[in-house]
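Chemist: Okay, here's what each chain looks like letter by letter:
There are 2 protein chains.
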Amino acid sequence: MVLSIEPVSALSTGPLLGLGLDRSGPLAAQVEEQVRALIRSRALEPGARLPSTRALASDLGVSRGVVVSAYAQLAAEGFIRLRPGAAPLVAVTGRAAEPVAYEPEFPLVRARYNLRPDLPDLGLFPRADWLRSCRRSLAGAANADLSYGDPFGAIRLRSQLASFLVRTRGVLADADRTGIFSGATHALLVLGAVLRAAGAVRMGVEDPCHRWRTRVLAASGIEVVGIPTDEHGLRVDALGDVDAVLVSPDHNFPTGVVLSPDRRSALVDWAAAGDRLVIEDDHDGHFRYGGIHAGALQALAPEHVAYVGSASALLAPAVRLGWAVLPARLVAPVADRLFSTALATSRLMQFALAEMIERGYLDRHLRRSHAAYKRRRAVLLRSLARHFPDAQVGGAPIGLFVPVRIAGEARLLQRARKRWIALDGLNEHGLTPQPSGLVLGFAAAPEAALRRAVGLLKILAAE
Amino acid sequence: MVLSIEPVSALSTGPLLGLGLDRSGPLAAQVEEQVRALIRSRALEPGARLPSTRALASDLGVSRGVVVSAYAQLAAEGFIRLRPGAAPLVAVTGRAAEPVAYEPEFPLVRARYNLRPDLPDLGLFPRADWLRSCRRSLAGAANADLSYGDPFGAIRLRSQLASFLVRTRGVLADADRTGIFSGATHALLVLGAVLRAAGAVRMGVEDPCHRWRTRVLAASGIEVVGIPTDEHGLRVDALGDVDAVLVSPDHNFPTGVVLSPDRRSALVDWAAAGDRLVIEDDHDGHFRYGGIHAGALQALAPEHVAYVGSASALLAPAVRLGWAVLPARLVAPVADRLFSTALATSRLMQFALAEMIERGYLDRHLRRSHAAYKRRRAVLLRSLARHFPDAQVGGAPIGLFVPVRIAGEARLLQRARKRWIALDGLNEHGLTPQPSGLVLGFAAAPEAALRRAVGLLKILAAE
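Going down the list, the protein sequences come from chains A and B.
When you read off a place in the first sequence, starting at 1, and then add 38, the result is the number in this note's numbering.
When you read off a place in the second sequence, starting at 1, and then add 38, the result is the number in this note's numbering.
In case anyone wonders, no lab produced these hints; they're calculated from the structure.
Some clues are possibly wrong.
Since the list gives no way to pick out one identical chain from another, each pair is judged satisfied if it fits inside one copy or across any two copies.
As the list claims (entries may be wrong) - Pairs of lysine to any residue residues, derived as SDA-like cross-links and limited to a Cα-Cα distance of at most 25 Å, are as follows:
1) K412 / A182
2) K496 / G99
3) K456 / G237
4) K456 / R443
5) K496 / L419
6) K456 / V263
7) K412 / I395
8) K456 / A149
9) K456 / A182
10) K456 / A180
11) K456 / S201
12) K496 / A429
13) K456 / R61
14) K412 / R443
15) K496 / S107
16) K496 / A311
17) K496 / G208
18) K456 / A310
Looking at chain A on its own, in the form it has when it is part of the complex:
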C-alpha cells in the first residue's frame, strides 16, 4: 500500500500547505500524524474542509491508498468526519486529551506567591461557621425543600441577601427582584441570553474589563463591544448604539477607576432615555479602605440598572453563588430562562449562605477579611514604592487589587509565571491594547509573601 516517492520531501500546495513527507516511516502514518497535529493546534479549525483523498494524494505525489488509510485512521479517532461523495471535514475537536482549567496559567495550588487580583484569601474562609450553617440550615429544612424549588432562588436566601445588600452597599433590593445564580458570571450569561431574546444585539463592556466577563457575555450570544474608559471611568458619550452595558462603577477591573458622579448621572439618563439596561458588576466593592463611599449605582435607577454580585470575593469561588437585583420587568424573563435551562443553584448551598447571613457569620468574616486586606494593601503599596519607585500605581482604595504601570508587561509576566507567581497583566483584560502593566492582588497573600513577591518581581524586571 505504501509507495516510495521520488523527492525526499514533498510539500502539499493545496489547502494543507506545509504538509511534508520524508522517508522516516510509513507514509500513511506521516500524513495521519501531520494532519492530526494541524487539527490539534487549530491550524485546521473544526468544520474546515479537508482536500479529497484524490487531491491530497496528487498534491503529495503519493498513491491515493496512502491518504485513504490516513483519513480512515483519523476518522476512527474522531478527528475528522468522512462523508460519502464529499470532502472530509475536520471534526468538532481533536483536543480531548488536553486539560482545560479555569486558572489560565497554572493551577493555583502550584502558585508560590498568589497575587491573583480576583481572589480573596481562601485561607480565611470561615470553615467552622460554614459547616455550622450547613448543619443548622439542613436541620431546619423540610423534606420538600430538598426538591427543585423556585428556579429564581430560595426565598429564604433572597430575603437575607436583599437586606444584606441594602445595608452593605445601598442597593435598592427586595426579595422579589433578587435572584440567585451560580456565581456572577452565570448571572451575566442569563442576562445576556434574556436581553438577546428580547431583541438586544450589542452589549457594551468597559475596555478594559475582566476577560472572563467578556467571554461569558459573548457565550450568551450577544455581540460584545468595548467602550473606552478614562480616569473618570466609562466614557458614557462613547456608548453609541449598544442596547445594554456592563460596568463596574465602583471599581473597574483592572484599572481600579471609580465612575465619576457626572458620569453616573449621564449613564443612568442614557439607560432611562432609551429603555436600555445597565448591568452593575460589583465584584469587590464590599472592601473599602479609604474615603470613597459611593453606594451602588443601581439605587439611582432600579428599573434601569441590574446589580450583580457574588460570593466569590466575599467567601470563596467554590461556593458558586451569585445574585442579581433586577428591574421588575426582567424578573419573569430571567426566572423563565433559569427554569428553561434548569440551572437552579444547589438549594443546600443557598440555605447555608442564608444561615451565614442571618447569624451574622458573613459580617464577621467580612470584618476580619477587611482588616487583613487593608494591612496587606498598605504592605503592597510600600513594597512597590521601594522596589518600583518610578512605577505608576493607580486605582481607588477599594477591593482586592492594585494596577501598576510597568514597562515590559509580557516579558515580566512570562518570567514571573516561570517562578510560579500568580498574577495578571493589564493587557490580558483589554479589548484593545492597554498601557503596559500588572494587576496585583494583595488579598490572597500574607504580608511577608507580598514583600518577597514584589522583591522577586523587581529582580525579574531587571534581568
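Fit chain B to the known structure of chain A by using the hints.
Modeler: For chain B alone, kept in the frame of chain A given last:
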C-alpha cells in the same frame, strides 16, 4: 380628563379587540387594567405593537387623554414601551409579579399526596451522612481547592463517580471523560450548545419524553424533533436526518418502555455510521425491581454515546449535581463551553458527594431506598388493580413511576390537583397526543398514602 361615554360598553374593533369599558370606574384605569391583563396573559405578546393613543381612543369612543394616561401608567410599570412618533410596544414582560416555580402545578410543600413520577423520597435523604461528608471533605480540602478549579469538575469526584458508574450501571467510564454539571438537565443544555456550535441542527427526542428535557434542549438552540416510540422503545428507523438523539434506553419517561436489544444495536450502528451522537439519559435506572438487568447503552459504543445521569433521583434535586460520561472527542469542547459559561458547579458540593461515594454512604442510601421503593411499587400496583381493574398498567419494573392508561386524563388531573395530589399526565410529556393516562410516582409517598391516594383517584374518576 376622564369623559363619560355614551354606550355602556364599547368594544374596540382594532388590534385590541375585546377591550370593553363600562361605568364601573375611571376609564383610564379600566383601559390600563385590561391592557395589563392582556399582557400578563400573553394575549398580547412581548414586542407586539399597541394601537396609537389616537387610534385606540377613537376605537373606544373616549378622549385621547384617557388612553394617554393609561399608557403612561403602563409604561411606568414597565409593561409597555412608549416611543416618540411611533406606536407603543409591549415590553419584554409584564409578568414580574407572578411566581415562577419548577413545580408546575403547585408547590410540592402543599401536596397532600406526592405521586410525582420524577422524585425520590426526600424524607430518606441521608442528612447525617451528608453533613458528615461535608465536614470531612471540607477538612480535607486545601485552601486552593476553594477557588474555581477545573470547570469540567473536581477530579476527586470525577474519579469516584466513574468507578461508581462502572460498578452500578456498567458504564465504560474513567475520570478523564466524566464531567460534572448542575444536574442532568444542565448536561443536556451544554451538550446541546456544543453540538449546535459544531454544526448540528436537529436533535431527536423520544416522543413522549419528559417535558423539562425537551424544554432545556430547545433552550440550547438546537431544533428538537420528536421520534416515535413503540413497545420496543425508540423507532430507530424513524430517526430521519437528526444529528443526535436523546434516549432513555433503560426506562423511557413516561411510558416505562425498555429499548429492545435489536433496537440498541441499530441505534449504535446509526450513530457510528454517521458520526452522530446518542445521549443516554439514565434518569432512574439505578432502581431495578425485576429481572431486567440491561447495562448502559453507552458501553456498546463509548465514542458515540454520551451517558448522562444526576443526583436528583439518587439523593435529592437540591444537591444539583449531574454528570456525563463523554466520547473522547467531546471532552474538550464541553469543558471549553463550561469554562466560557463559567458554570462550574459548587466544588464544596462536589467534594461532599465524592466523600458520600468513597465512604459507601451513597451505596447504603441506595440499598435502603431500593427496598422502600420496591415495597411501594408493589402497593401501588395492588391498589391500582383493586380500584382500576380495567386500567392498563405498563412499564418495566424499574425506576420511580408506573404509567397507567385511564380515560379522561385532563379532567382527572384537574380534579386530582384540586385535591392537592401531585402527579403527571401522559399527555403532559408528549410532543404529539398520547393515550390518555397518568404517570404515577411511587417512590415519594409512604405505603398508606399510596393506598389512600389511589382510592381518592378512583372516587375522582367516578365523579
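Chemist: Are the hints correct? Go through all of them and say.
Modeler: Here is how each hint holds up against the structure:
no., hint, result
1, K412 / A182, "between (44 Å within a copy, 22 Å between copies)"
2, K496 / G99, "neither (54 Å within a copy, 79 Å between copies)"
3, K456 / G237, "neither (46 Å within a copy, 39 Å between copies)"
4, K456 / R443, "within (21 Å within a copy, 67 Å between copies)"
5, K496 / L419, "within (14 Å within a copy, 77 Å between copies)"
6, K456 / V263, "neither (33 Å within a copy, 51 Å between copies)"
7, K412 / I395, "within (23 Å within a copy, 42 Å between copies)"
8, K456 / A149, "within (10 Å within a copy, 60 Å between copies)"
9, K456 / A182, "between (51 Å within a copy, 19 Å between copies)"
10, K456 / A180, "between (52 Å within a copy, 23 Å between copies)"
11, K456 / S201, "neither (45 Å within a copy, 36 Å between copies)"
12, K496 / A429, "within (11 Å within a copy, 82 Å between copies)"
13, K456 / R61, "neither (36 Å within a copy, 80 Å between copies)"
14, K412 / R443, "within (21 Å within a copy, 68 Å between copies)"
15, K496 / S107, "neither (54 Å within a copy, 66 Å between copies)"
16, K496 / A311, "neither (50 Å within a copy, 60 Å between copies)"
17, K496 / G208, "neither (41 Å within a copy, 56 Å between copies)"
18, K456 / A310, "neither (49 Å within a copy, 44 Å between copies)"
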